[in-house]
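One line per chain: the protein sequences are S and C, in this order. Position 84 (the first sequence) corresponds to 283 in this note's numbering; numbering is contiguous. Position 33 (the second sequence) corresponds to 232 in this note's numbering; numbering is contiguous.
Incorrect hints may appear among the rest.
When chains are identical, the list treats them as one kind, so a pair holds in a single copy or across two.
[Claimed, not checked] The list that follows gives simulated cross-link-like pairs (lysine-lysine, DSS-like), each with its CA atoms no further than 27 Å apart:
id, residue 1, residue 2
1, Lys289, Lys223
2, Lys510, Lys289
3, Lys201, Lys510
4, Lys514, Lys370
5, Lys445, Lys466
6, Lys459, Lys445
7, Lys391, Lys271
8, Lys514, Lys203
In short, the hints are calculated from the structure, not lab data. Everything numeric in this text was worked out from a predicted model, so none of it was measured.
There are 2 protein chains.
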Amino acid sequence: MKKKLAIDAMGGDFAPKSVVEGVKQAQAAFSDTEFILFGDEEKIRAYLSDETNITIVHTPDKIDSGEADPVKAIRKKKSASMVMAATAVKNGEADALISAGNTGALLASGIFVVGRIKQVDRPGLMSTMPTADGAGFDMLDLGANAENTARHLHNFAVLGSFYASNVRGIKSPRIGLLNNGSEASKGAPLQKEAYDLLSADTSINFIGNVEARDLLSGVADVVVTDGFTGNAVLKSIEGTASNLMKQLMTAINQGGLRAKLGALLMKKSLYSLKDSLDYEKAGGAVLFGLKAPVVKSHGSSNADAIFATIKQTHKMLETDVVGKLVQHYNAENGVAND
Amino acid sequence: MKKKLAIDAMGGDFAPKSVVEGVKQAQAAFSDTEFILFGDEEKIRAYLSDETNITIVHTPDKIDSGEADPVKAIRKKKSASMVMAATAVKNGEADALISAGNTGALLASGIFVVGRIKQVDRPGLMSTMPTADGAGFDMLDLGANAENTARHLHNFAVLGSFYASNVRGIKSPRIGLLNNGSEASKGAPLQKEAYDLLSADTSINFIGNVEARDLLSGVADVVVTDGFTGNAVLKSIEGTASNLMKQLMTAINQGGLRAKLGALLMKKSLYSLKDSLDYEKAGGAVLFGLKAPVVKSHGSSNADAIFATIKQTHKMLETDVVGKLVQHYNAENGVAND
Numbered sequence: 200m201k202k203k204l205a206i207d208a209m210g211g212d213f214a215p216k217s218v219v220e221g222v223k224q225a226q227a228a229f230s231d232t233e234f235i236l237f238g239d240e241e242k243i244r245a246y247l248s249d250e251t252n253i254t255i256v257h258t259p260d261k262i263d264s265g266e267a268d269p270v271k272a273i274r275k276k277k278s279a280s281m282v283m284a285a286t287a288v289k290n291g292e293a294d295a296l297i298s299a300g301n302t303g304a305l306l307a308s309g310i311f312v313v314g315r316i317k318q319v320d321r322p323g324l325m326s327t328m329p330t331a332d333g334a335g336f337d338m339l340d341l342g343a344n345a346e347n348t349a350r351h352l353h354n355f356a357v358l359g360s361f362y363a364s365n366v367r368g369i370k371s372p373r374i375g376l377l378n379n380g381s382e383a384s385k386g387a388p389l390q391k392e393a394y395d396l397l398s399a400d401t402s403i404n405f406i407g408n409v410e411a412r413d414l415l416s417g418v419a420d421v422v423v424t425d426g427f428t429g430n431a432v433l434k435s436i437e438g439t440a441s442n443l444m445k446q447l448m449t450a451i452n453q454g455g456l457r458a459k460l461g462a463l464l465m466k467k468s469l470y471s472l473k474d475s476l477d478y479e480k481a482g483g484a485v486l487f488g489l490k491a492p493v494v495k496s497h498g499s500s501n502a503d504a505i506f507a508t509i510k511q512t513h514k515m516l517e518t519d520v521v522g523k524l525v526q527h528y529n530a531e532n533g534v535a536n537d
Numbered sequence: 200m201k202k203k204l205a206i207d208a209m210g211g212d213f214a215p216k217s218v219v220e221g222v223k224q225a226q227a228a229f230s231d232t233e234f235i236l237f238g239d240e241e242k243i244r245a246y247l248s249d250e251t252n253i254t255i256v257h258t259p260d261k262i263d264s265g266e267a268d269p270v271k272a273i274r275k276k277k278s279a280s281m282v283m284a285a286t287a288v289k290n291g292e293a294d295a296l297i298s299a300g301n302t303g304a305l306l307a308s309g310i311f312v313v314g315r316i317k318q319v320d321r322p323g324l325m326s327t328m329p330t331a332d333g334a335g336f337d338m339l340d341l342g343a344n345a346e347n348t349a350r351h352l353h354n355f356a357v358l359g360s361f362y363a364s365n366v367r368g369i370k371s372p373r374i375g376l377l378n379n380g381s382e383a384s385k386g387a388p389l390q391k392e393a394y395d396l397l398s399a400d401t402s403i404n405f406i407g408n409v410e411a412r413d414l415l416s417g418v419a420d421v422v423v424t425d426g427f428t429g430n431a432v433l434k435s436i437e438g439t440a441s442n443l444m445k446q447l448m449t450a451i452n453q454g455g456l457r458a459k460l461g462a463l464l465m466k467k468s469l470y471s472l473k474d475s476l477d478y479e480k481a482g483g484a485v486l487f488g489l490k491a492p493v494v495k496s497h498g499s500s501n502a503d504a505i506f507a508t509i510k511q512t513h514k515m516l517e518t519d520v521v522g523k524l525v526q527h528y529n530a531e532n533g534v535a536n537d
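Looking at chain S on its own, in the form it has when it is part of the complex (with noise of 0.2 Å):
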C-alpha cells in the first residue's frame, strides 16, 4: 500500500510555489508514495505539470504566519488547508501531516486534531542538528511545552531514543540530560529527578547530563530537555551561528583587496562550513509522540527543505517509527512505568 502524505500547500514564506517544487523533487525519488496537497487548487496547479502520484485537495482557507491565537485558529478555520491536512490524517486517509506555516498552529492540529499517543502525556517538539561531524543529535523539547515535570522528560528521552535508533539507525543512542554540570547532583530540582528516572530505566542508554557546550561535539545523540531551555538553547546555536556567519562576511569585506582575494580562494571550504551549519538539510522538527508524524518545516523552506523534510517523513512511515513506539507502550501496559 502506497504511504500518504498530507501536505499543507500554503504553508511557508514561498508558499505554494516551494512546497510544490519540493513535491515534485520527492514525486521524483519515491514512486511507493501519494502527495495530497491541500490548499489554493489553481495556485498549487500552476507549478505543477504531471500529476502522477499528486492529488489536490482544494481549501478555501489558511491558517496566517502571523495568527495571534494559534489554538484558536485552528479550531475556527475548519477549511483551512492546515486543517484539513491534519483532519485527513485523523480520519486515515493519509499517514503523515507536513506544514512549513504557522509553528503554534501546526503544534495545535497536531495535538488537538492528529492527537496524542495514549500514554504520551506531552509530546516533545525535536530537531535533528548537525555536529562537527556530521553525526548529528536529536533534541527535544524544542518548545512545544513551556513548563515539563521530570516525567515529561523521561517520556522525552524514550520518545528521542526510538527515533535516533529506528530512524537515524544509531544501536542504542546515547542519551544526555541537558544540564548545567555534567555531576549527577546538579541542576534545579527538575533535573535532579528526571536524573533519577533516566537513570532507572534500562531500556535506554542513559549516559548522564551533558552541557550545552559540548552539544555541538557530539556528546549525546539525544539530548532531553524542557521545552523553555531547550526553546533558548536551539535559538542561542541558530543565533550565534548564523551572527558568526554574517561577521565573517563583513569582516572579509572590509579586509580589503587581500581578504577578498583570500576569500574567493576560500569559496569552496566556507561554502562547505555553511553546508554543515544547514538546519534544514537534516529535515524539519518533528512534534513527536502523537498517532502520526507531523513535521514541521522551517517557515523560510526553499524547495530543497522541503524535499528534505519529505524525505525524513517518508523515513518515519518506512520505519514505522510511530507504530513501534505505540507497541512499546502497550507492552508497558499494566506494567509499573517510570
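On the provided structure of chain S, position chain C as indicated by the hints.
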C-alpha cells in the same frame, strides 16, 4: 585614598604566572591602585621585579579547581588564597576580590564571606558578552542560582541596569527578559510573572521579551533570565562559536593549497573575527549584588585576560557602582518594593 584589590594569585590554570603578569600590566596602568596578592609568596615573587603598589600576603593553602564540594572547601580551608582574599574584603582591608579559580568556591566566598547587600536575596552572575556591533550586552544570572523566582529576576534587572549605566556608561539601558517568544503573553509562569514585575517598575527601561536568537545582534543592553537558562544559553553561545571556528579551520586545512593561501590572505580578517569572539577582552564575570565587587576571570586566563578583569573591577570601584546600588536600596527602605 588608593583602591585596594584583593587578588587570588593561585587561582586559574596558569597561576600564579599569568595572574602576576596581569597584575604587572595593571600596575603600569593604574597608579591609584594597590594590589594585594594572596598566595605562595616565593612563587609569586619569582615573577615580580618592581613591587611598587604591590603587597604579597603569604597563604599556605589553595582551593583546587576540581574541589568536589566548593562550599565545604571554603569553609574548611580558611588559609586558602581565595578565602583569605575574600576575608580581607570582608574586613575592609581591600575593596574588591578577583580570582580565576574555582567558580563554585568563588560564588560561595562571595556570598558567605564578602556577603550580600541586605536587600538582594540572590546575587546574580553577570558577564558582558560581545555583539556584532561591538557594544555588547550584559546577561544575568549565568548560573549562580539553579532556580529563581520572578522577584529574583526583577532584582537581576535592577542590578544589570545599574551596572550597564554606571560601569558601561549606557544611558537608560534597555532591559530585556529572555523568553521563548517576544509577545507579552509568552513563557512559563515564571516569565509571565517577571514580565509583570518588570513592566510595573518605572525606574528601569524594560523593553519586553527578547529571544536567544537575537542576543548577539544587540537586541538589549541587559538580558535577564534565571540561572539555569542563563547558564545553558551562555554555554550554547560559547560552544557554537568555538565549534564554528574549529570547523572553519578544518575546512581550510582540508581545502588544499588554494584554501590555505586564501586563509593566509584573509589572516587579518579571520583574526578580527576571532577577536570579536574573545569573551576575555570584555573582562570577567561579576557576582553582582554583594557588598563589594567580586569578579571571576576565566580559568584559562592569560595575563591579558587578568588585566582586562582588573580594568573592569577598577571601573566598578571608580564609578562606585556598588555604593550607588546600596544607596538605591536604602532609599527604597520602607517603600513597597517589587
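Quiz item: So which of those numbered hints doesn't the model satisfy?
Solution: none
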